[in-house]
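Asks: What follows is each chain in one-letter form.
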Amino acid sequence: MASPAPGLEQRQPKHPMDAPGAPIIGPGHTFASVTEKIARITLTRKTPLFWLVGFLAAFGVLQLMLLAVVNLLFRGIGVWGPNVPVGWGFDIINFVWWIGIGHAGTLISAILLLLRQDWRTSINRFAEAMTLFAVACAGFYPIFHTGRPWVAFYWLLPYPNTMGLWPNFRSPLIWDVFAVSTYATASALFWFTGLIPDFATLRDRAKSRPWQYLYGFLAGGWRGSARHWHNYEMSYLLLAGLCTPLVVSVHTVVSFDFATGLVPGWHATIFPPYFVAGAVYAGFAMVLTLAIPLRRWYHLEDFITMRHLENMAKVMLTTGLVVFYGYVMEAFFAWYSSNTYERFMMWNRMFGPYWYMYWALIFCNGFVPQLLWSKRVRTSIGSLFAISMVVSVGMWLERYVIIVTSLHRDFLPSSWGMYSGTLYDWSAFIGSLGLFVTLLFLFVRFLPAITMFEMRMLLPGALVPHHGHPLPHSIEEEVR
Amino acid sequence: MSTETRIDLSQVRRRLDGQGGRRYWKSLEELAETPGFQSFLHREFPENASLWTGDAGGRRDFLRLMGASMALAGLTACTKQPPEKIVPYVRQPEGIVPGKPQFYATALNDHGYAKGVLVESHMGRPTKIEGNPEHPASLGGTDLYGQAAILALYDPDRSQNLLLEGEIRTWSQFTVALKAALDAQKALKGKGLRLLTEPITSPTLAAQVEALLAEHPEARWHQWEPAGRNSARVGAQLAFGQPVETRYHLDQADVVLSLDCDFVSEGPANVRHIRDFASRRRLQAGVEPNRLYVIEGSPSATGASADHKLVVKPSQVEGLARAVAAGLGLAVAGGSSDRAAFVAGLVKDLQAHAGRSLVLAGEGQPPAVHALAHAINEKLGNVGKTVTFSDPVEARPVDHLASLAELAADLKAGQVDVLIVIDANPVYSAPADLDFKAALDKARLRIHAGLYLDETGERCQWHVPLAHTLESWGDLRAWDGTATLVQPLIAPLYGSKSVHELLAACSGQAAKPGHDVVREHWQAQLGPEFEARWRQALHDGVVAGTAFAAKAVSVQPGAWAQAAPAAVSGMELVFRPDPSVGDGRWANSGWLQELPKAITKLTWDNAALMSPRTAEKLGVKVGSTSRGQSTELVELRYKGRSAKAPAWVVPGHPDDVVTLHLGYGRTRAGRVGDGLGVNASLLRTSDAAGFGGGLEVRATRQAYTLACTQDHWTMEAQDQVRARNLMRVVELEEYQRDPHKIAEEFAHHRPAKDLTLYPPDHKYEGNAWGLVVDLNACVGCNACVVACVAENNIPVVGKEQVAMGREMHWIRVDRYYEGDLDDPAVHHQPVLCMQCENAPCEMVCPVAATSHNEEGLNDMAYNRCVGTRYCSNNCPYKVRRFNFFLYQDWETPSLKLQRNPDVSVRSRGVMEKCTYCVQRINVARIEARGQDKPIKDGDIKTACEQACPAQAITFGDVNDPQSRVAQLKQQPRNYGLLEELGARPRTTYLAVVKNPNPEVSHG
Amino acid sequence: MSRPKTEIYGLLAEFDVPAEVVEAAEAVHAAGYRRIDAYSPYPIEALAEALHLGRSVMSKLVLGGALVGMAAGYGLCWWSSVVAYPMNISGKPFHSWPAFIVPTYETTILFACLTAVFGMLWVNKLTQPYHPLFNVPSFTMGASRDKFYVCVEADDPRFDRAGTRRFLESLKGVKLVSEVPH
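Residue numbers (my numbering), protein chains in the order written: chain A, 23 to 502; chain B, 3 to 1005; chain C, 3 to 184.
By construction, these hints were calculated from the structure, which means they are not laboratory data. Among the clues, some could well be false.
[As the list claims (entries may be wrong)] Now the in silico label distances, taken between C-beta atoms and shown as ranges:
hint, chain 1, residue 1, chain 2, residue 2, range
1, B, W892, A, L95, 15 to 23 angstroms
2, B, N865, C, Y132, 31 to 39 angstroms
3, A, Y347, C, D18, 52 to 60 angstroms
4, C, W124, A, I165, 29 to 37 angstroms
5, B, Y864, A, S442, 41 to 49 angstroms
6, C, D157, A, L78, 52 to 60 angstroms
7, B, K102, A, L88, 47 to 55 angstroms
[As the list claims (entries may be wrong)] Result set (DSBU-like, lysine-lysine): computed pairs, CA atoms no more than 30 angstroms apart in a straight line:
hint, chain 1, residue 1, chain 2, residue 2
8, C, K127, A, K229
9, A, K229, C, K62
10, B, K191, B, K381
11, B, K553, B, K381
12, A, K59, C, K7
From the three backbone atoms N, C-alpha and C, an ideal C-beta is built for every residue, glycine too.
Produce the complete structure using the sequences and hints provided.
Replies: Dropping the structure here:
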C-alpha cells in the first residue's frame, strides 16, 4: 500500500483537479460520460495487471489467517499470547481496531448525507464497502478469541434451546453481539440500497448475457420510476438517519467492554466519546489510505478531488484533537481522583515496562496529526498518505495500551504479569489485513466504486428547482 | 519385539479363562512365565511408536499388544480390595455404597517416620489423603507431601517389573537367586553382606532386619538419607552421650528461638510443630501470644513467621548460639561478639521466660549447635516443659554420613559381595566426595528394591519394585513413638512386593504375605484379646499406648562446649532440601514440581539463590518477560568441583552466600522429574553436609529462563501493597492497647452496603458460606495448595506454561516483602476465590456461565463456559484459571484412578476456579437432609481447611452467629482484601499481629 | 396484475433535459392523465411533485418497525432474565433495566433498517424482473444512463392511442414517442 506514495507525489502538480479548493467534480462531464467512466471499470473485459498482482498478493497474505485459525482450532487458544492476568491481547486489540476503522464509512455515507455534504458522493460507496469489510475482519476475532469457538459462535445469540438457557444481557459482550451484528446488517442494507440503481445501470450496460443476468438479478427490475425514486429517497434518508445513532452507539458499546469493567485504566466514563472520535479518526485515516491509490490507479481524479482529500484531512484533524483530549483527560483524572489504582495505572503506562508503547501512541495520535493544521500538508497527497498510515498505527497502539498495560498490572501485585503476542497472534493480524484488501480488490473490480446515480445529480442542470427547495449552494457553484 | 518371543494370545486367553478379576493378579505369575507375555507387561502403557515404524508384522504386534493391555485391565485399570480383611475408619463396609467414599486410617512413610492419615476411598479406589485427627504427628493436618502421596501411588513411571539386568524376571526367580546368594554368605557369617536402608521406625521391619543380621552376624547394616535428621541425631549424642529423641512442645513456649531451624518444614514432626506453634499465634481469649526469634542462614518459611529475624551467614549461627549460651551463663567459648545488642536483648527475653522458652537448632547446622541448643534449654529449665526427651524411635540410630562413608570404603576395598539397597538412592544423593557411583559397581551382587527404578536401581543387577505404602501392609512409628498399623487401600497396582515381604524372602520365607508378617509381629506385642485390639488399632490408625515415655537425660560437658566454631572463609554454599520436592524423592511428582516454592515461588527448577547485593556484585541481572523470568547461569566452584545453576535473587538472603536446594538434577526420576535443575549433591561433601565455605561464583552470561509464579516486583511494588492495604500488619502492643482503633481503621475501607444503583435484591437467608484466613497463623507451608490440587482434579501444565503465567492453582500463597531489600519482613497470604457477593466476574460473562447460588457461592458452570476470559480480566483477585490448552491428562490410565469423582474434569477452553469445595458442601447437605437436621458448623471442611496444619483456614456459615467463621469475622483484625471495591468478598483475612521485643535492636 | 387487458402497455415520451421532463410531467398531469409515471437515471424531487405523488408512506412504516424492534428487544431481555431463567448475577436484580437498554437500542435500529429497505421494495412492488418498458430498446439504453421519460399507460381512462401520442409529441423538448408493447 505504501508503494504508490512516491508515484502520487510526482503526478500531483500535473492534475488540474488537484489544485487547492478545486470543485468536487471535473468540468465537461455529462450524464453519459460519468456513467461510462465509472461503469467501464467494472464492465471492462480485460482485468488490469496491477489488479491481478495486487489481488494475488492480498490473497496470499490472507492465508496467514488460515494458518492461525487451523492451529488455534486444533491446539487451543493457547497458541495466542493471552495469560492470567492479561486475558485479552491481539484478539481484542484487533477487534476494536477494525470496528473503529469501519466507522468512517457509515459516517461519510450517513451523517454527511444528512448534512447535505455533497462532496461525500464520490467516496461514500467505497467508504461503505470499507465499513463492511472492516466489520467482517473485526467479527473474526470475538469468535476465535474464545476458548471454544465451536460453541461460542451461537451460544452468545438468544435462541431457544433445550436447556432453556439465555445469554446474560448484563454482559457488555452480549451488547457487542447486538451492536456489531446490527451494525453489520444495517451497513450491508445501506450499501445494497445504494447499489440498486447502479446495478440497473450495469444491467443495461453489460455486454455479455451472464453479467446481464447477474446484474439484472441484483437490480431486481429497477427502472428509475419516479414513484420508486420517491419512496427510495425517503427510505434512503431514513436509513441514513438510523445509521447515525447506530454508528455512535457501536463504538460506545465497544468501549463499554472496558468502561463497565473495574480494571484501572478501563473503568472510565470518558471512554464512549473518545472511542467514537477515535473510530472516526481511524476510519478517515483508512479512507485516505485507500482513496489515494484508488484515484491514481483508476484515474478518478475527476471524482475524488483534492477537495475531498482536504476535507477528510480536516475531519481527521478534528477527531484527532478529540482523541488527544481524551488521553490528556485520562491522565488528569488519574491525578485528580488521587485514586491509588488510577494513579499507579497512569504511572505504569508512562514509565512501566510498556512505556514505549504509550509514548509511541502519543506521538502517532497526538503530535503527527498536528501537521494537518498546515494547508500545504493537507493538500500534499504524499504527506496525507503518510500521516494517515501513522494514524492507523497509532490507533492500534491505543488499543494495545488500553488493554495490555491496564491488565498486566492491576490490583494484586502478586498477580502481575507480562504479555506479548505470539507468532500466531501476528499471523492472524496480518492475515486479517490480507482479508480486508482481498475483499476491496474484489469490490473495485466487480462493483461500481463510485455511486453513479448520485454523481449524475452533481452535474450542472441535474437538479430541477421546485417549491420550497432552492438548489443547495454547493451545487449552484457547480452549475455556475 | 523380536519374533522368537511371540506367543499366541489364544493360549494366554486360555490361561485367563475362569479367573475372576479379583484373583486374577495372583495368577499373573504363571502367565508371566511365558517370556512373550512378559514383554507385554513390560510395555504395559505402550507408546506404540516403534510399532508404526513399519517393522514387519507391526500391525499384528499392535493387535497383540492391545489384547495384552486388555488382559492387563484386570491389573491396572480396575481396582481390587486386597484379599485380607481391612477395616474402614467410619463404619463397617456392608458392601460399598456407590458414590459414598469411605475413609481408612493408615500412615504414610515420611523419611521412615509415621504421618497418620485418613485415606478417602471411592469404590475401593483411594483418591485423597487427609490427616488423622487421632494421630499425634498429624492431629488432622497434613503437609504437602502427605497430600502428594496419592499421586505417587498412581505415578505411571513407578517401577512395574522385577528386573535382572533390565530383563523381566519373576519373584520366584528372584527369591531363588537371593537364597543362593544369602546361603553363600551364611557360610562366611555374612562377612560380605551389606544392607543399606533409610531410617527404620517400623517395629516389624526392625525385627526382620535384626533377625537377618542375627543370621549373618558379620553383615553390616548401613543407613543413608541425604536430608534427614543427622545433625539432630549426632548433636543429641554429643550433648547427652547417648542417642535420644528430642520432642519440642511449641504450644508451651512463650519465647521461641530458632537457630537456623525451619521447624515448620523439617523433620517428622513438622505438621505437629506448625499446629502447636500456630496455637499460640491465634489471638483469642486465653491465648498468650508467643514470640519467635529466628537466626537464619537461608530464607525459610519459619523465618517468615518470625517476630525478630536475624539474617546471617550460616557459619555465623554457631557463634551467635555460643554467645547466647555464654550470655545465659553457660561455660561456652567461641561466642561471636557482633550483633551484641540483639543477643543481649534476646538473652534477657529468654531469661525472663525461663521454663517457658524454647531453643531449636536446624538440620543445616552442625551437631555442636544442636548440643548448644540442648544446653541452653537445660539451663533455662525448659526440659520437661517445652522440650522432652525419649528413647530413639529409630532402630539403631547412626550417623548417616559416617555410615555411608564406611559403606563406600568397604565397597572400594572390594569387601562387599552382596549389597541390598532398600528404598535408598545413594548414587544420586551421596555426597560427591564419596564417589559412591563408582564404589557401588565394586559390589559383586547388587540388589535394589524401590518404588522407582532410580539412579541406584539402574546400576544394580537385580531391581525389585516395592509396593507403595497405600498398597501394602506394615507398621510405622511417629516421632513420639506412637505406632500405626499401615493397611493397604488397594492391592498393588503392579503386583509389587512390600519391604516386609522382601525381608521375609531374605530369611527364606519367600511366599509369606506381608499381612502375615506384620500380624505375627503384633500378635506378640498386643498379647491377649489380640483380634479386638488389632481391629481397634486399624480402626483408629494408632496402636494405643505405644508412645514412648519421657526420659530424663542431662547434658554432658564435652569438647563441643569449648571448641570454637570451625572457621569458614569466603563465600558460603548452603544445601537445603527443596521446599517442594524435598531431597529428590518427590522429583517425579508433577503436583510438587509445579508448586510454587515457599519464599522463592519458583517452580520446576532449583536455582542458585543469592542476595540482591551478591547478585549486583556478580553483575547478574534477573528480569521478567511474557515467557518467564529471565536470568543467567552462574558457575559455582566449590571444593574442586563445579556446577552451573541459574541465579535467582531472593531479598532477605544473606550476602556472599548461595543456597542451592537438593532434589534436582535427577536422571532416572521419570518423565516428569528427569533433567530438571542441577544436582546439588554433586557439590556437597560429607564433611560439610549443611553448608561450606570457599565457594567461588562466576557469572557465565548464559541466559536461562525460570518459571516463577510471583515476580520479584512484589518487592518493587511495596508502596502499592501498602497503599492498597493488601497485607495488614499490626503490632501486638498497639493491638491490645486499642483493638477498636484497628477495627475502625480497617472498617473505613469498607463501603456502605447501600452504595449501589440497584436496590439490594438478593438476601441469603439459609446458609451463607464464608471463609476466614488467619494470616497470623499461616506459615506458608503450601499444604493447602496441594490439597486443593488433589481434591479438585487440577491439572499440571508444565514449566513453559507456568512461565507464561498459565498455572492452574485455585488457591495460591502470595508472598509479600516489607521493609528494605536486604532484610525484609516476609508475609504469606493464601488467596482463593473470594466468592464476592457482588462478583465482578459474573456480570461480564456473556453466557451466564458463572452466577451466584442462593448460599452466596460464585458458581461456575464449566459446560456453559465458552472461554472469553472476560471474567478473569474483571476479577480483581485474579483467582480464575483458564484451560488455554487441553491440560488434563486424558490418556494415562493410572492417573484416571486418582481423579475425584465428585469434581468434573475440565477440558480445553473453559475457565475454572475455587468453589469452596462445593462438592463437599453438597455431600454434607444431602447427609443433613437425609437426617432432617441442619448442617452443623464444622460438618463441612474445604480441602484447604482440612489440610492446613496451622488451622489458619476456617470455613462455615456466616449467617450462624455461633459458627467459628462468624466468630472470627467479629475479630477487630478481620478485613477483606480490596474491600473498597465494594465486591463484598465472603473470604476475609485476620491481620498479622507481630510481637516484637522493644528491647531488641538488630544492631 | 388485475388490470384490464389493453393492446399495449402505454406510450413513452423520451427527453434529454431534466427540466423539460419535469414540465412534461406537469403538462401530462394537467391534461388529466392519472395512470402516468416518469423515469429518470437519478432521483428528481421535482418530478415527484409534478406527478403529485404526495408524501411517501416509508416514514410511517419505518416508525412502526422501530417500535416493534424496541418492544421485541426489551421484551427478550426482560422475559429471559426475569421470567424464563432468573439468575443472581453479581447481586444485581433480575430486572436490571439499565443493562437492558443497550440491546433494546440496537434491536430498535435493526428492525427499523430492515423495514426501511424491505418495506421500500415492497411498496415499490420490487423485485420485478420483467416489465413491459424493458421491451423498448431506447428505454433500456437511456433510462439508467442519461435519458428521461414520461409514460402514459394504456389503462388510463383518457388514453387514446392516437390522441395521446399527438399530445405527447406536442410536449416541449420531446425527442421521441414510442409504444410500449406488453
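Asks: State for each hint whether it applies.
Replies: Results of checking the hints against the structure:
1. In this structure the hint that W892/B and L95/A lie 15 to 23 angstroms apart at CB holds, the actual value being about 18 angstroms.
2. The hint said 31 to 39 angstroms for the Cβ distance between N865/B and Y132/C, and at roughly 54 angstroms that hint is violated.
3. One distance hint, 52 to 60 angstroms for the beta-carbon pair Y347/A and D18/C, holds here, with the actual separation near 53 angstroms.
4. Taken as a hint, the range 29 to 37 angstroms holds for the pair W124/C and I165/A, whose Cβ atoms sit roughly 33 angstroms apart.
5. Range check, Y864/B to S442/A: Cβ separation about 29 angstroms, and the 41 to 49 angstroms hint is violated.
6. Range check, D157/C to L78/A: Cβ separation about 56 angstroms, and the 52 to 60 angstroms hint holds.
7. Look at K102/B against L88/A: about 52 angstroms separates their beta carbons, and that is inside 47 to 55 angstroms.
8. A threshold of 30 angstroms between alpha carbons decides the hint, and for K127/C with K229/A the separation of about 27 angstroms falls inside it, so the pair holds.
9. This hinted pair does not check out: K229/A and K62/C have alpha carbons roughly 41 angstroms apart, beyond 30 angstroms.
10. In summary, the hint linking K191/B to K381/B is not supported, as the alpha carbons are separated by about 48 angstroms, beyond the 30 angstroms threshold.
11. Under the criterion of a C-alpha separation no larger than 30 angstroms, the hint pairing K553/B with K381/B is consistent with the structure, at around 17 angstroms.
12. For a cut-off of 30 angstroms, the pair hint linking K59/A to K7/C is broken: about 42 angstroms separates their Cα positions.
Violated hints, listed in ascending order, are 2, 5, 9, 10 and 12; each of the other numbered hints is respected by the structure.
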